[in-house]
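Numbering (numbering that gives the first Met the number 0), first residue to last: 0 to 323.
Misleading hints may appear alongside valid ones.
[Claimed, not checked] Think about it this way: if two alpha-carbon atoms lie no more than 25 Å apart in a straight line, the pair counts; the simulated DMTMM-like pairs of lysine to aspartate or glutamate are: (1) Lys115 / Asp33; (2) Lys204 / Asp70; (3) Lys161 / Asp121; (4) Lys208 / Glu189; (5) Lys203 / Glu135; (6) Lys141 / Asp102; (7) Lys173 / Asp121; (8) Lys141 / Asp121; (9) Lys184 / Asp49; (10) Lys173 / Glu195; (11) Lys184 / Glu127; (12) Lys223 / Glu322; (13) Lys3 / Glu195; (14) Lys173 / Asp49; (15) Lys173 / Glu117; (16) Lys161 / Glu116; (17) Lys3 / Asp65; (18) Lys144 / Glu127; (19) Lys43 / Asp216.
[Stated by the list, open to error] Simulated restraints on C-beta separations: (20) Leu46 / Arg299: 35 to 43 Å; (21) Phe54 / Asp33: 15 to 23 Å; (22) Tyr73 / Glu117: 24 to 32 Å; (23) Lys223 / Thr311: 29 to 37 Å; (24) Asp70 / Thr233: 56 to 64 Å; (25) Asn314 / Lys229: 17 to 25 Å; (26) Gln219 / Tyr50: 32 to 40 Å; (27) Phe241 / Leu221: 40 to 48 Å; (28) Thr233 / Lys208: 42 to 50 Å.
Simulated from the structure, these hints should not be mistaken for lab results.
Quick reminder that beta carbons are idealized off the backbone N, C-alpha and C, glycines included.
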Amino acid sequence: MIVKQRKVPIVIHKLEALLRRLPPGHPKRPIISDHLARRMAGYKGELALDYHLKFLHKKNFHILHDLRLKDGDYFFQIDTLILSPSYILILEVKNISGTLVFDHNFTQLIRVSGEKEEGFPDPILQVERQGTQLQEWLSNHKLPKVPIERLVIISNPNTVIKNTLLKLDPATAKHVIHSANLPSKIKRYEKKHAIEQLNPQQLKKLSRKLVNSHIPDDPQILQKFQLSSKEILTGVVCPECFMLPMHRMNAKWVCTKCGSFSKDAHVAAIMDYKLLFGLLITNCQLRSFLHLPSISVSTRILQSMNLASTGTYRNRTYVMKIED
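Kindly generate the complete structure, drawing on both the sequences and the hints.
Quick look at the structure:
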């Protein structure tokens, strides 16, 4: 049973909005594009895992995706968490192609693709740390102690897994598998942890506590890439030819390049504003970002959104929601 669904990470939406709003020749576009490609690859790897999770027909499994919890002053994120009455399983998903070499002498992961080598942090170390943090989190919240298993899932079936030793290292064999092997690995865990630790009520309580404790990651994307608001292109993007900006004429948005028009093209622009600048907006800020001709037009758009607001008429601030 999936208790917390997997969603497209908000950082992907923010990176896409940032690329839409940066000038074509901006020097940081390649860095941002690479960052987006990596995040998209990670998300696609997690989606590929979902196919194999469908084979877990047992109703007493509770599956939570993209869980982010606070451990003291720090946060830790778990790609997928599987709760059973007898144990907990942490899954760290990696979607990396080529040949993966686990170097246990220097605790790093090396990806070999052709003649190119690239280093990554050791995911075995990463998932072990997640297990320790989760155990501490359970203890701090006075929740039952349950055995915790950890797995690194390689979602690409063509990826070759090796290590630097002459024979397969036990740590690699124990903790790293291709996603297709997950159902059989879980069967082994079921035999290993045969004693029930949580009754149905306790399992449901733990699941609910984890979901309620989830703190979504909401990075300040301009700060992350050291960009100023002045570098962001404003205006409404044409949904047909992607020219920017469209012009407001007779209650419609008109593209001067391709001649198309739209009544609601501003909705996507407002979403970009939310992703890049946050959920608070004034009439003046909306008017400036959309290139609106008058205060009255801006006011009508804000009123049509049925937003909560604070402040008086002159300095009123509207509160938007990211889900809108």
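If I claimed the Cβ atoms of Leu46 and Arg299 lie 35 to 43 Å apart, would that claim hold in this structure? holds, 40 Å
Restraint status (C-alpha distance of Lys161 to Asp121 at most 25 Å): holds, 13 Å
State, for the Cβ atoms of Asn314 and Lys229, whether the hinted interval 17 to 25 Å holds or is violated. holds, 23 Å
Pairwise hint evaluation, Glu116 against Lys161, where the allowed Cα distance is 25 Å at most: holds, 14 Å
Looking only at beta-carbon atoms, does the pair Thr233, Lys208 fall within the given range of 42 to 50 Å? holds, 43 Å
Check the hint pairing Lys144 with Glu127 against an upper bound of 25 Å on the C-alpha distance. Cα-Cα ~17 Å, so holds.
Is it true that the CA of Lys3 sits at most 25 Å from the CA of Glu195? Since the Cα atoms of Lys3 and Glu195 sit roughly 23 Å apart, the hinted pair holds (cutoff 25 Å).
Do the Cβ positions of Asp70 and Thr233 conform to the proposed distance bound of 56 to 64 Å? Because 40 Å falls outside the window, the suggested range is violated.
Looking only at beta-carbon atoms, does the pair Lys223, Thr311 fall within the given range of 29 to 37 Å? holds, 34 Å
Holds or violated: Lys173 with Glu195, Cα cutoff 25 Å? holds, 23 Å
Pairwise hint evaluation, Asp33 against Lys115, where the allowed Cα distance is 25 Å at most: Within the cut-off at roughly 17 Å; holds.
Does the hinted range 40 to 48 Å hold for Phe241 and Leu221 at CB? violated, 22 Å
This entry does not satisfy hints 6, 8, 21, 24, 27, going by the numbered hints stated previously.
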